[in-house]
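Line by line, the protein sequences are chains A and B.
Its first residue numbered -4, the first sequence is counted upward by one per residue in the numbering used here.
Its first residue numbered 388, the second sequence is counted upward by one per residue in the numbering used here.
If you're looking for bench data, these hints aren't it; they were derived computationally from the structure.
All residues carry an ideal CB built from backbone N, CA and C; glycine is no exception.
Careful: at least some of the hints might be erroneous.
Pair ranges (Cβ atoms, derived) [unchecked claim]: (1) A/Arg177 <-> B/Ile444: 30 to 38 Å; (2) A/Pro174 <-> B/Leu448: 37 to 45 Å; (3) B/Leu448 <-> A/Ala13: 20 to 28 Å; (4) A/Arg145 <-> B/Val441: 37 to 45 Å; (5) A/Lys144 <-> B/Ala482: 23 to 31 Å.
Counterexamples of contact, computed for chain A against chain B with all Cβ distances above 12 Å [said to hold, decoys possible]: (6) Val10; (7) Lys19; (8) Arg128; (9) Asp150; (10) Glu203; (11) Ala215; (12) Gly216; (13) Ser222; (14) Glu223; (15) Ala226.
In silico DSS-like links for lysine-lysine, alpha-carbon gap of 27 Å or less [to be verified]: (16) A/Lys163 <-> A/Lys144; (17) B/Lys459 <-> A/Lys86; (18) A/Lys163 <-> B/Lys392; (19) B/Lys392 <-> B/Lys456; (20) A/Lys86 <-> B/Lys456; (21) A/Lys229 <-> A/Lys114; (22) B/Lys480 <-> A/Lys92; (23) A/Lys148 <-> A/Lys229; (24) A/Lys92 <-> B/Lys456; (25) A/Lys148 <-> B/Lys480; (26) A/Lys86 <-> A/Lys148; (27) A/Lys142 <-> A/Lys92; (28) B/Lys456 <-> A/Lys163; (29) A/Lys86 <-> A/Lys163; (30) A/Lys148 <-> A/Lys163; (31) B/Lys459 <-> B/Lys392; (32) A/Lys148 <-> B/Lys459; (33) A/Lys163 <-> B/Lys459; (34) A/Lys163 <-> A/Lys229; (35) A/Lys144 <-> A/Lys229; (36) A/Lys86 <-> A/Lys142; (37) A/Lys148 <-> A/Lys92; (38) A/Lys163 <-> A/Lys142; (39) A/Lys86 <-> B/Lys392; (40) A/Lys92 <-> B/Lys392.
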Amino acid sequence: MLVFDIGVMLTTFFVVFAAELGDKTQLVAFSITSTSRHPLVIFFATSLALSCSSVLAALIGGAASRLLGTYTSFIAAALFFGFGFYILFSKEAPPVKDCFLKTIAVETGLLRVVPGLFKRRGRYDEGLLRVLRQDSGHALVFRLLLKEKRLFKDDINEDQRLCELTEKLRLARGLRRLPFRRALEEIVRTEEAVRDVYGHLHEHLRLEHHAADRLEDLLAGLEAEESEHVAFFKSVRDGENA
Amino acid sequence: MTRLKLLFSTFAVVFLAELGDKTQIASFSLAAEGGNVLSVVVGACLALTAAALVAVIAGHLIARFVPRKALKIVSGLLFLATGAYLLVSLIVKLASA
Chain A
-4 MLVFDIGVML
6 TTFFVVFAAE
16 LGDKTQLVAF
26 SITSTSRHPL
36 VIFFATSLAL
46 SCSSVLAALI
56 GGAASRLLGT
66 YTSFIAAALF
76 FGFGFYILFS
86 KEAPPVKDCF
96 LKTIAVETGL
106 LRVVPGLFKR
116 RGRYDEGLLR
126 VLRQDSGHAL
136 VFRLLLKEKR
146 LFKDDINEDQ
156 RLCELTEKLR
166 LARGLRRLPF
176 RRALEEIVRT
186 EEAVRDVYGH
196 LHEHLRLEHH
206 AADRLEDLLA
216 GLEAEESEHV
226 AFFKSVRDGE
236 NA
Chain B
388 MTRLKLLFST
398 FAVVFLAELG
408 DKTQIASFSL
418 AAEGGNVLSV
428 VVGACLALTA
438 AALVAVIAGH
448 LIARFVPRKA
458 LKIVSGLLFL
468 ATGAYLLVSL
478 IVKLASA
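Let's have the full structure, built from the sequences with the hints guiding it.
Put into structure tokens, the structure is as follows:
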């Protein structure tokens, strides 16, 4: 029974692919992806569910799976209604707020972890202190920015790029326990992600709001400082590697 | 929605909606004719993964050009319509049986 026939496989592939194009499941995947920010998760879940259901169907056969399908499609209909109402009426935090919260989390996370790492290595110096001082300032700035409610209604919330950059804002797990060089790589990556977010916010304010905006200057300053941090950690890394 | 919730809910809705659908019947009939389930299952899984990939890429691309609010309304209605369709076809099936 477990013979592999490339011809049968290809036939199945094309028949099923053609049957599936424009089918309700594809519409589901399409519409969830267009309203959510996690395309990979949806791709994974959809293809896994489709694969599981077809493996099950191939094993239990046509009549039984149709019978099972009759009962489960009742639950499926309920789920579709649930999803529909959820998408229509759910209120989500604006992406800018999400971005600000993650920025605060990353900056304070760095403040918690980096001193220990550098102390252990005997590299706790003036340069690092300066970086840490600035990073703690950045976290504070973003706490204050959370109160700038007008940003939550700004058209930057429609901006896909901001979401992509926000995705990169996370601290590696177990950074504290990583070997110094590996940790440095991660810190450089994180600081670069933060710098890119600041740069993007700054760019947006510069292009979209022609009136002189005090936030624009503020973010330009943050971006410049963050670039220095990247340079600082890179120089430490290169020193370690030399 | 958090990622895990999204993963489970997408899985549940797709899995339940697809059980007993035409794809399974197609793959089953092919399995019966060819006599080897393995190639059928592999072919079907690859096809479904490809179809999912097409849908996800299309959804991701359209999100760049269409405002989120419009997409939310259209997708919400699409879900409600699919739910209604499933329910109606279920009732028709049960009535004719």
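These are the hints, each one checked on the structure:
1. Roughly 34 Å separates the CB atoms of arginine 177 of chain A and isoleucine 444 of chain B, a value that falls within the hinted 30 to 38 Å.
2. Remark: the range hint 37 to 45 Å for proline 174 of chain A to leucine 448 of chain B is upheld by a beta-carbon distance near 41 Å.
3. Evaluation of the 20 to 28 Å hint for leucine 448 of chain B and alanine 13 of chain A yields a pass: the beta carbon distance comes to about 22 Å.
4. A beta carbon spacing of about 39 Å between arginine 145 of chain A and valine 441 of chain B agrees with the range 37 to 45 Å that was offered as a hint.
5. The hint said 23 to 31 Å for the Cβ distance between lysine 144 of chain A and alanine 482 of chain B, and at roughly 54 Å that hint is violated.
6. Residue-level check failed: valine 10 of chain A sits 5 Å from the nearest beta carbon of chain B, not beyond 12 Å.
7. With a least CB separation of 5 Å from chain B, lysine 19 of chain A falls inside the 12 Å interface cut-off, contrary to its annotation.
8. Annotated as non-interface, arginine 128 of chain A keeps its C-beta farther than 12 Å from every C-beta of chain B; the closest such distance is 34 Å.
9. With a closest Cβ-Cβ approach of about 10 Å to chain B, aspartate 150 of chain A is found to fall inside the 12 Å limit, against its non-interface label.
10. Non-interface status of glutamate 203 of chain A relative to chain B is upheld: no Cβ of that chain comes within 12 Å, the nearest being about 16 Å off.
11. The claim that alanine 215 of chain A is not at the interface with chain B holds, since no C-beta of that chain comes within 12 Å of its own (minimum 27 Å).
12. Listed as outside the interface, glycine 216 of chain A is consistent with that label: its C-beta sits roughly 30 Å from the nearest C-beta of chain B, beyond the 12 Å cut-off.
13. Every CB of chain B lies more than 12 Å from the CB of serine 222 of chain A, the least distance being 28 Å, so the non-interface label holds.
14. The non-interface label for glutamate 223 of chain A is consistent with chain B: the shortest C-beta to C-beta separation is roughly 33 Å, beyond 12 Å.
15. Its beta-carbon lying about 33 Å from the closest one in chain B, alanine 226 of chain A satisfies the requirement of being farther than 12 Å from that chain.
16. A distance of roughly 24 Å separates the Cα atoms of lysine 163 of chain A and lysine 144 of chain A; the hinted pair therefore holds under the 27 Å criterion.
17. For the given pair, lysine 459 of chain B sits about 11 Å from lysine 86 of chain A by alpha-carbon distance, which is consistent with the 27 Å threshold.
18. Under the criterion of a C-alpha separation no larger than 27 Å, the hint pairing lysine 163 of chain A with lysine 392 of chain B is consistent with the structure, at around 20 Å.
19. Straight-line distance between C-alpha atoms of lysine 392 of chain B and lysine 456 of chain B comes to about 22 Å, which keeps the hinted pair within the 27 Å bound.
20. Distance restraint check for lysine 86 of chain A and lysine 456 of chain B: the Cα-Cα separation of roughly 11 Å lies within the 27 Å cut-off, and the hinted pair is therefore satisfied.
21. Between the alpha carbons of lysine 229 of chain A and lysine 114 of chain A the distance comes to roughly 18 Å, so the proposed pair stays at or under 27 Å and holds.
22. A threshold of 27 Å between alpha carbons decides the hint, and for lysine 480 of chain B with lysine 92 of chain A the separation of about 48 Å lies outside it, so the pair is violated.
23. Under the criterion of a C-alpha separation no larger than 27 Å, the hint pairing lysine 148 of chain A with lysine 229 of chain A is inconsistent with the structure, at around 37 Å.
24. A hinted pair counts as satisfied when its Cα atoms are at most 27 Å apart, and lysine 92 of chain A with lysine 456 of chain B qualifies at roughly 17 Å.
25. For the hint pairing lysine 148 of chain A with lysine 480 of chain B, the CA-to-CA distance comes to about 48 Å; that exceeds 27 Å, so the pair is violated.
26. For the hint linking lysine 86 of chain A to lysine 148 of chain A, the alpha-carbon distance of about 13 Å falls within 27 Å, and the restraint holds.
27. Taking the CA atoms of lysine 142 of chain A and lysine 92 of chain A, the gap is near 10 Å; set against the 27 Å cutoff, the hint holds.
28. Between lysine 456 of chain B and lysine 163 of chain A the alpha-carbon distance is near 25 Å, which keeps this suggested pair within the 27 Å criterion.
29. The straight-line distance between the Cα atoms of lysine 86 of chain A and lysine 163 of chain A is roughly 23 Å, inside the 27 Å bound, and the hint therefore holds.
30. The hinted pair formed by lysine 148 of chain A and lysine 163 of chain A meets the criterion: a straight-line CA distance of about 23 Å does not exceed 27 Å.
31. The straight-line distance between the Cα atoms of lysine 459 of chain B and lysine 392 of chain B is roughly 18 Å, inside the 27 Å bound, and the hint therefore holds.
32. Between lysine 148 of chain A and lysine 459 of chain B the CA atoms are separated by roughly 17 Å; this keeps the pair inside 27 Å, and the hint holds.
33. For the proposed pair lysine 163 of chain A and lysine 459 of chain B, the alpha carbon gap of about 25 Å is at most 27 Å, so the pair holds.
34. Simply put, lysine 163 of chain A and lysine 229 of chain A have alpha-carbon atoms about 19 Å apart, close enough for the 27 Å limit, and the pair holds.
35. About 36 Å separates the Cα atoms of lysine 144 of chain A and lysine 229 of chain A, which puts this hinted pair outside 27 Å; it is violated.
36. Under the criterion of a C-alpha separation no larger than 27 Å, the hint pairing lysine 86 of chain A with lysine 142 of chain A is consistent with the structure, at around 19 Å.
37. Of the supplied pair hints, the one linking lysine 148 of chain A and lysine 92 of chain A holds, its CA atoms being roughly 10 Å apart against a limit of 27 Å.
38. Proposed proximity of lysine 163 of chain A and lysine 142 of chain A is supported: the alpha carbons are some 23 Å apart, at most 27 Å.
39. About 16 Å separates the Cα atoms of lysine 86 of chain A and lysine 392 of chain B, which keeps this hinted pair within 27 Å; it holds.
40. Restraint check for lysine 92 of chain A and lysine 392 of chain B: the C-alpha separation of about 21 Å stays at or below 27 Å, so the hint holds.
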